[in-house]
Amino acid sequence: MFKKKKKQRKKKNKSNDKTEPSKSCYGAQQLLHQHSNGQLQQKQPDDVSSKIDGMENWLDLRIPNPILRCLKELGFTNPTPIQSRVLPSAIEDKMDIIGAAETGSGKTLAFAIPIVTHILNLNADDDDDDDDDDVDTINNNNDTDVDEESQRDTLDVDDINDEEDDDDDEVLGKMHNDDKNDHHHPHHYHHHHHNKPMYALVITPTRELAIQIREHIDNVTKYTDVKCLAIVGGMSIERQNRLLKKFSPQIVVATPGRFWELVQQKCPHLSHVKDLRFLVIDEADRMIEKNHFEELEKIMNYINLNLCSPLRRQNFVFSATLTFIHKTPYRFDVGKKKKMKELTLEDKLASLQRKLHMSSKPEVVDLTGGQKMTAQKLTELKVNCTYQEKDLYLYYFLKNNKGRTLVFANSKDCIRRLTSLLAMLHCKPLPLHADMHQKQRLKNLDRFKENERGLLLATDVAARGLDIPNVKHVIHYQVPRTTENYVHRSGRTARSNTAGISLALVCPEEVKLFNGIQAALKRGIIKFFNEIMCKWMNGLVNE
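Residue numbers (UniProt numbering): 1 to 543.
Everything labelled a hint here was simulated from the structure, so no lab data went into it. All values reported here derive from a predicted model rather than from experimental measurement. Just so you know, not all the hints are guaranteed correct.
Here are the computed distance ranges between Cβ atoms for each label pair [stated by the list, open to error]: (1) Leu305 with Asn384: 47 to 55 Å; (2) Asn57 with Ser420: 49 to 57 Å; (3) Thr379 with Pro268: 45 to 53 Å.
Here are the simulated lysine to aspartate or glutamate pairs, EDC-like style, with alpha carbons at most 16 Å apart [unchecked claim]: (4) Lys361 with Asp347; (5) Lys390 with Glu510; (6) Lys298 with Glu261; (7) Lys196 with Glu215; (8) Lys72 with Asp53; (9) Lys402 with Glu452; (10) Lys449 with Asp435; (11) Lys196 with Asp125; (12) Lys428 with Glu452; (13) Lys527 with Glu510; (14) Lys428 with Glu450; (15) Lys449 with Glu215; (16) Lys449 with Asp467; (17) Lys399 with Glu452; (18) Lys527 with Glu380; (19) Lys472 with Glu450; (20) Lys472 with Glu380; (21) Lys361 with Asp93; (22) Lys355 with Glu297; (23) Lys266 with Glu238; (24) Lys72 with Glu56; (25) Lys390 with Glu509; (26) Lys412 with Asp435; (27) Lys522 with Asp347; (28) Lys222 with Glu73; (29) Lys355 with Glu294; (30) Lys355 with Glu295; (31) Lys196 with Asp275; (32) Lys196 with Asp126; (33) Lys402 with Asp347.
Glycine is no exception: its CB is placed at the ideal position from the N, C-alpha and C atoms.
Modelling step: build the complete structure from the supplied sequences, incorporating the hints.
Quick look at the structure:
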């Protein structure tokens with residue numbers, strides 16, 4: 001009875017696959033038939049040049065059809081400028097890439113698409129070898145089909161129980177969707193022959209950005225068997241270790257601290273760095289700051305020591321700017337007579353290549369124009385006021401401007417105070433800072449994205465690369481300490497060719513710092529209409 005039920009289910013599964021057949025899920029008889037006709041020797045990954053209606057502008061970039069299908073579903077019928085410049089060199093020539101473009105320009109897919117394309121080719125090569133092995137052992141394995149399926153059923157039940165027992169289920173669901181893919185995507189299937197190695201590592205400075213990148217990669221691997229997992233701090237390391245063991249993701253997106261912690265624990269999936277073919281450093285201007293991320297240097301030493309030389313690694317470095325070295329905040333320069341030598345772009349690129357062991361001639365794609373590093377449709381404003389007046393100006397702006405607003409401050413204490421104040425004023429603020437539990441941070445981000453008039457109060461942890469849709473306004477409650485932070489903060493609005501406002505509240509103590517930012521950007525920032533605000537505030541006082 002047991003065997004009969006299993007056979008019926010196998011027959012049903014086979015009929016379901018019939019609409020969209022896939023080489024990797026063929027049964028033993030189909031493999032034997034193909035082998036006898038010499039078809040296995042001609043196996044290729046999905047056609048690169050097949051036409052998909054509405055996607056003609058992507059065809060010259062040699063992108064596989066499964067990825068093109070995903071791009072079409074996402075509504076990306078045209079590559080962005082950074083993608084058009086990067087993809088040919090990355091896919092056809094397999095060059096190292098250093099890229100800079102304004103925020104919202106599609107940088108994530110500029111490295112994700114080449115990596116997934118190359119992994120599909122690697123998987124196709126692996127499957128060729130495994131198909132030969134499968135044909136040789138068909139007769140020996142026919143009697144064990146039911147046992148293997150029974151073991152798979154047992155594994156599924158164990159996985160469900162494991163997830164039910166974990167308190168971080170909701171958050172981890174945002175970090176991987178492999179269980180869902182197995183059931184809903186016709187091209188996502190189990191490879192029973194062996195686990196896949198980690199081919200690609202993406203390192204990013206913040207947890208939220210890691211999860212966002214994982215989501216973008218999932219969006220373009222929907223019709224493939226490529227798995228991606230994000231591993232970040234603030235969550236159960238034991239849980240993440242089990243997920244790495246269970247899914248063997250070929251792409252890992254990680255924050256440096258948690259990745260290094262798992263390496264030190266000798267996580268089996270992360271120990272085989274000799275197989276690493278692709279390395280991505282995202283938000284590089286922050287990642288390679290001296291002493292900013294000590295783990296990054298440890299990770300690079302670990303990877304470079306263990307990498308097999310015949311398999312040259314392809315490196316991708318992306319950022320909103322190519323100014324990779326921050327200036328020291330003004331308060332540390334007071335009293336110093338010696339001026340630091342300003343490094344040229346060539347100096348910075350050479351330093352970056354040494355740190356990451358890149359090839360001597362990477363493809364450098366800089367679409368920032370070297371000067372205007374903020375988005376073209378961004379309106380930049382400033383208000384000169386006392387520190388005590390900042391709360392009033394902030395409240396005035398929030399009450400008189402509709403749309404999502406992101407308020408930045410330099411300290412967690414400031415965010416806590418503003419949260420309490422604006423909550424009393426019924427503005428419904430959502431805080432985001434490093435002391436919050438990871439689950440709460442992600443929950444607040446989701447609430448902000450869902451509310452068209454949402455208000456998010458954040459430290460710079462949220463300024464790095466996050467793709468929050470339709471943010472209308474960014475307010476610098478405190479002037480950022482570096483030009484790069486100003487650019488990244490302001491980059492949360494005016495994304496994807498939409499209009500946005502960046503407003504800086506500048507008190508006398510911050511004037512010199514803000515003037516330095518204007519000088520670095522090589523332009524002045526318009527003064528907001530203080531007199532209008534003054535009349536409004538006088539009305540509040542009189543009431």
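Could you check the structure against the hints above and give me the numbers of any it violates, in ascending order? 7, 10, 27 and 33
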